[in-house]
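Chain D is already provided as a structure; the job is to place chain B on it using the hints.
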Amino acid sequence: MLESLRKLGGVEWEIPIGYTPNMNVPGKFFLSDRLAAEVEEGAIQQLANVATMPGIVNYALAMPDIHWGYGFPIGGVAAFSPDHGVVSPGGVGFDINCGVRLIATPLREDEFDNRRELIERLFRAVPTGVGARSPMKLAVSELKQLLVEGASWAVEHGFGMDADLLHCEQEGRMEEADIAHVSEKALQRGIPQCGTLGSGNHFLEIQVAREIVDRDAAAAYGIAEGQICMMIHCGSRGLGHQVCTDHLKVLEQATKRYGIDLPDRQLACAPLHSSEGEAYFSAMAAAANYAWANRQMIMHTARTVVADLYGVDYGEMHLVYDVAHNVAKFEEHLVDGRRVELCVHRKGATRAFGPDRPEVPQAYRATGQPVIIPGSMGTSSYLLKGTEIAMEKSFGSTCHGAGRVLSRSRAKKQYRGSTLKKELEQRHIVVRAASDAVIAEEAPGAYKPSDEVVRVVDAAGLSRVVARLEPLGVIKG
Amino acid sequence: MPFTELEHTADILVRVNASSLEQLFAEAARAMFSFMHEQRKKGSFSRTLALEAADRETLLHDFLSELLYVAEVDNLVFSDVDVSISGSALAATAYGEPFDPDVHAEGTEIKGVSYYGLQIRKDEQDHHYRVEILFDV
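Chains D and B, in that order, are what the protein sequence lines are. For the first sequence, the positions run 0 to 476 when numbering that gives the first Met the number 0 is used. For the second sequence, the positions run 0 to 136 when numbering that gives the first Met the number 0 is used.
Chain D on its own, in the form it takes in the complex (with noise of 0.2 Å):
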């Protein structure tokens, strides 16, 4: 299959444009040869399905853990100019801004005990799982000022601190929020749920920093070795799950009043400043604001338990960033050499800025803004640095973990819940899941191993590696 493809050089691969009729520019990605022996067909053919969408610029581009998606394929970035671009719910997945944030701790390995009871206080606190609802009784005029205020409004309510706010991407705001957009069903699903983990691969990890790699920017970003880390994986919930399937159904619509010809449904768009454009965009953007909100307070409810356990300060235990992976913004690039606006569409991938922009944090500015990428369950996570070479090559983005390489139903008959979380506390790694069976789906050999994706961002200078983290615990819907 890759014999019609055009390997450009080290890790990155061009699809021709002819490779699949209409399309407006070549597809680009990101493999070593190892990872493109085991590419899926289906993925490279949702990739070259984008570039055939109005207005898109330079390429539609995939990260090294690009996989066989809906619409998008997973790792797929791509930036729509506004005046002819589109905004497309396939470019960001039902799960809008699922993300994830790393803390520091001031913790340290050889101090650190009492795992398995941390383990088990953590999954008591955060609601987890299937079902799982949120013991706060959220209000839905609440509820609505949330939407408009993302992780600031958690922070005002006492679930965090103030200095929290500026280590989120995008201040974990998008002031572009609008609840008139956001529906009744959607704010229904919503009212239950903030403050939850959910299921599938989200998950609470306790971590090591086992390796630094870079230390002046680890230094930057408070990272030191044998340092504890918590990291947190998870997104909108309900609410943005509802927020896509409402839009898509109007955005279908919209795609044929637009004469817009499409190889895929799932690609429905609008144009960026159509009615259906704009009120799909502003809906997300209010999911995008649950989603920030709902890590703070997990984030929250985990750092009181530590600070119970290990009698350690609340306010020592500092956010270190907050990445969102499935998103659209409009962000400042350069392209022919001339700065311009532009929707960038990121699903399944991380923003990964370089040094000196504005949306950087300025602790972190000279440094260029932390990317986090969560290895799979019982594997290492990296913490990276953005580059000037993302910049150029990928509109400021990198991938946003390891990707899978075995389905679900393939992962559970090859391996065992029970078995596994054995062989995991063999290795000091302490599991806690809502079930056994969602262990075996996301055994660590259901997935790429994520240190060669990480090998090719940095081989592609996507992004750098900063730090290595190791897993020590993990709770898991």
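In short, the hints are calculated from the structure, not lab data. For each residue, glycine too, the CB sits at the ideal point set by N, CA and C. It is possible that some hints are incorrect.
[To be verified] Quick list of simulated restraints, FRET-style, between CB atoms: (1) R337/D / D99/B: 55 to 65 Å; (2) R120/B / E116/D: 47 to 57 Å; (3) V102/B / D109/D: 39 to 49 Å; (4) S33/B / G310/D: 40 to 50 Å; (5) A88/B / Y257/D: 22 to 32 Å; (6) R214/D / D54/B: 52 to 62 Å; (7) A52/B / E451/D: 41 to 51 Å; (8) S408/D / D73/B: 24 to 34 Å; (9) H126/B / E174/D: 48 to 58 Å.
Okay, now just chain B, sitting in the frame of chain D:
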């Protein structure tokens, strides 16, 4: 087999096969319920749905999406459904029981029903209806 799971690494892809359009919709819903919760029984709770759509793929998409929504907001675990279709309109009754974390925690949260590859076909030979559905999980 009313449905079979096809290989898809990231999400859940199923092929549904049935002798009528109504059965196809009902089997698609049962397939979805089976991924959502391992343990489920018919129970005494029911919810009715009435939908209309411009084409039958959209009707199937909206029907499954509506079931996801109702199950979540009413905190129900569905196990079965009756469907009737007349032209572009669908009426359905879904049966289930209230969600109980001790019984129903094992399962997969379905985030959405995708339009990707969603095309209902009628087989010329056996006159059966078939469709592949991709669920985001």
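These are the hints, each one checked on the structure:
1. R337/D / D99/B: 55 to 65 Å: holds, 59 Å
2. R120/B / E116/D: 47 to 57 Å: holds, 56 Å
3. V102/B / D109/D: 39 to 49 Å: holds, 43 Å
4. S33/B / G310/D: 40 to 50 Å: For S33/B and G310/D the Cβ distance comes to about 47 Å; the hint holds.
5. A88/B / Y257/D: 22 to 32 Å: Given a distance of about 28 Å, which is inside 22 to 32 Å, the answer is holds.
6. R214/D / D54/B: 52 to 62 Å: holds, 59 Å
7. A52/B / E451/D: 41 to 51 Å: Cβ of A52/B to Cβ of E451/D: about 44 Å, so the range 41 to 51 Å holds.
8. S408/D / D73/B: 24 to 34 Å: holds, 28 Å
9. H126/B / E174/D: 48 to 58 Å: holds, 55 Å
Comparing the model with each earlier hint shows no violations; every hint is respected.
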